[in-house]
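*Asks:* Sequence:
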Amino acid sequence: MAQQLDRLKETPSQTAGPYVHIGLTPNICEIHGIYEEDLGTRMVNDKTRGERITVKMRIFDGTGAVIRDALIEIWQADADGLHNSPSEPRGKADPNFTGWGRQASDAETGVFTFETIKPGRVPFLDDRPQAPHISLWIVARGINLGLQTRMYFGDEEKANAEDPVLSRLEHQHRGPTLIAQREGDTYTFDIHLQGEKETVFFDV
Numbered sequence: 001m002a003q004q005l006d007r008l009k010e011t012p013s014q015t016a017g018p019y020v021h022i023g024l025t026p027n028i029c030e031i032h033g034i035y036e037e038d039l040g041t042r043m044v045n046d047k048t049r050g051e052r053i054t055v056k057m058r059i060f061d062g063t064g065a066v067i068r069d070a071l072i073e074i075w076q077a078d079a080d081g082l083h084n085s086p087s088e089p090r091g092k093a094d095p096n097f098t099g100w101g102r103q104a105s106d107a108e109t110g111v112f113t114f115e116t117i118k119p120g121r122v123p124f125l126d127d128r129p130q131a132p133h134i135s136l137w138i139v140a141r142g143i144n145l146g147l148q149t150r151m152y153f154g155d156e157e158k159a160n161a162e163d164p165v166l167s168r169l170e171h172q173h174r175g176p177t178l179i180a181q182r183e184g185d186t187y188t189f190d191i192h193l194q195g196e197k198e199t200v201f202f203d204v
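Letter by letter, the sequence shown follows residues 1 to 204 of the UniProt record's numbering.
I should point out that these hints are in silico values taken from the structure, not numbers from a laboratory.
Because the structure is a prediction, the values reported are computed rather than measured.
Check before you lean on any hint, since a few could be wrong.
Said to hold, decoys possible - Ranges of calculated distance between the beta carbons of each label pair, as one might list FRET restraints:
1. 62 / 125: 32 to 38 Å
2. 39 / 172: 36 to 42 Å
3. 108 / 148: 23 to 29 Å
4. 146 / 42: 19 to 25 Å
5. 47 / 137: 23 to 29 Å
6. 29 / 142: 15 to 21 Å
By construction, the Cβ of each residue, glycine as well, lies at the ideal position given by its N, Cα and C atoms.
From just these sequences and the hints, can you work out the full model?
*Replies:* Next comes the structure, spelled out in structure tokens:
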């Protein structure tokens, strides 16, 4: 005999939010007591090697409006180009650098802010050095599958010109959508989901 389930209510239909924030950044949602601070909030400490930088990002929808309820995770190498991973074959990464961060966008401005270090160069599959870069994973309401992209550094022109991933882009005129601009110690990177300035996303 089937059990009566009329006491259970269907949850709201969503793609990524708001549950992605509740599960991944509970403190942002004012759900306290799970983590002292949300995982991925802090990437560096006072012993981390390398050049300290701030990365500020925004995500825009197809109409040019800033998205204020998105979440980004970033992965990157340390200052020596090593990843904080047990599968890193080239040596031990800086133990004082996580190599991974997670932030929700500011609910008012839509800005993500990461305090990190400038990464070193990592070899490609054929051992050619890649330009310094940060890998991004993006989720938000309306995005069924997380989007993957990269952020390169505007003051690394020579390395960017040699980068084996940037050189493989089918439409080279879209390469600048992956380049962050520097002012002082801060890099600014805008991500466009659609439209004329649409960011290059990767199928990985």
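*Asks:* All hints, please: hold or fail.
*Replies:* Do the hints match the structure? See the list:
Taking 32 to 38 Å as the suggested C-beta distance range, the pair residue 62 and residue 125 conforms, at roughly 34 Å. The given range of 36 to 42 Å is respected by residue 39 and residue 172, whose C-beta atoms sit roughly 37 Å from each other. At roughly 27 Å, the beta-carbon separation of residue 108 and residue 148 lies within the given 23 to 29 Å, and the hint holds. A C-beta distance of roughly 22 Å is found between residue 146 and residue 42, which places it inside the suggested range of 19 to 25 Å.
The beta-carbon spacing between residue 47 and residue 137, approximately 27 Å, falls within the hinted interval of 23 to 29 Å. At roughly 19 Å, the beta carbons of residue 29 and residue 142 sit within the given window of 15 to 21 Å.
In the structure shown, no violation is registered for any of the earlier numbered hints.
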